[in-house]
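**Q** Given next are the chains, with one letter for each unit.
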Amino acid sequence: MSQPPDYDSIPGTYVYDAARGRLGYALNMFCMSLNQAENRASFKADEAAYLERFKLTPEQRRCVLTRDWLGMLKVGGNIYYTIKIAFCDGLTFQDVAGMMSGVSKETYGKMMLAGGRSAEGNRFKSPAEACGAAGTPSPGSDG
Amino acid sequence: MARIVAGIACSHVPAIGAAIDKGATGTPYWSPLFAGYGPAREWLAAHRPDVAIIVYNDHASAFSLQLIPTFTIGVAADFPIADEGFGPRPVPPVIGHPELAWHLAESLILDEFDMTIANEMAVDHGLTVPLSVTCGQPAAWPFPVIPLCVNVVQYPPPTGLRCFKLGRAIARAVASFAPDLDVLIYGTGGMSHQLQGERAGLINRQFDTAFLDGLTQDPAALTRLTHTEYMREAGSEGVELVMWHVMRGALGDRVTEVYRHYHVPASNTAAALMILENRSAA
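Chains U and W supply the protein sequences, listed in that same order.
Per numbering that gives the first Met the number 0: the first sequence = residues 0 to 142.
Per numbering that gives the first Met the number 0: the second sequence = residues 0 to 281.
This is chain U alone, in the form it adopts within the complex (with noise of 0.2 Å):
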């Protein structure tokens, strides 16, 4: 196994590289359906039982049904395909945005308006975060 990335080191970042890859792929294969209008109806009618079309792992499932959008990411979710359940529910990217990063919807909103989150301060994980959150996950024993 090679050296972790040097991306690892962005604080509040979810690359989706090989390892997310391997973790995500059924996930954002479910997410990629909802492009077709026939197929959200599907799961709007009944969330739970479309989902068992695709190999979802139980945490994936409950990230899923309890629209935990940063909890997606963590288990191999893509943002360009995770928002598609979003707009399933009548959101904006601005709204999911505001969710992930744990503010409101109007104290987002108000940051984007001020020119958005600075780089200053948010480049480099503290020394707290590189020990955990948003890592490089495990995809197996054999990554």
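Do not take every clue at face value.
Said to hold, decoys possible - Restricting the straight-line Cα-Cα distance to at most 27 Å, the calculated cross-link-like pairs of lysine-lysine (BS3-like) are:
no. : chain 1 : residue 1 : chain 2 : residue 2
1   : W       : LYS164    : U       : LYS104
2   : U       : LYS73     : U       : LYS43
3   : U       : LYS109    : W       : LYS21
4   : U       : LYS43     : W       : LYS164
No lab work stands behind these hints: they were computed from the structure.
Note that the coordinates shown come from a computational prediction; the quantities given were computed from them, not determined experimentally.
Fit chain W to the given chain U structure using the hints.
**A** Leaving out everything else, chain W in the frame of chain U:
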């Protein structure tokens, strides 16, 4: 012979498309952004190309994770508008230019760029929003379009340097196409933005300004930026800026910046539009 006359750099935020489609461009939130698009539309109306190459990325619309080509060129006669999960945008279908597109595909592959060739491909907001931004809401798009799709969804995207070299190869290919055509090339995506994680909402005006300056003055230096530098400085989705290097590489060394517009925010994103006229002989 055909020639590349100019390049347009343009961000492609889905909310910008939604604002146009819903007639919301005059609201206090959107009007500062759209006011800055006016001069670009005037420039384009006065410099109507015969065909445009639009470098963009697909957002889980035509391509899923099943197949992830790094560079794809669309050779079809037309390209339908994708349903990205909220129904297709109400915009005209995109008309292709198969003759030039096939010439590009053949030339690029023989020039050692291993392009994926798409005979059928729906196009999403990555391509249609820059068209809407620069052309408004016509009943039909005013010129045919060759879609050139770059993977930025699965890490790693191609490097900035590779993208720049692809642009150089596109310029060679266009210059060897016999019909007398004016070709415009768009680089889309960016600028700084992060859509995901606790760090969502990151914007870096200083980085963006330096990138815009460098694109005109010293593009070779910009091609040395690593993916981690893009993600750290411009947000995880800011890495889309590699696509601007394809456009810049296609223009040759000497360009004139004829227009620049930069606005924060467009939803989660710093949106820019820049026009570079090509001063280099083909």
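**Q** Name the hints, by number, that the structure is in violation of.
**A** 1 and 4
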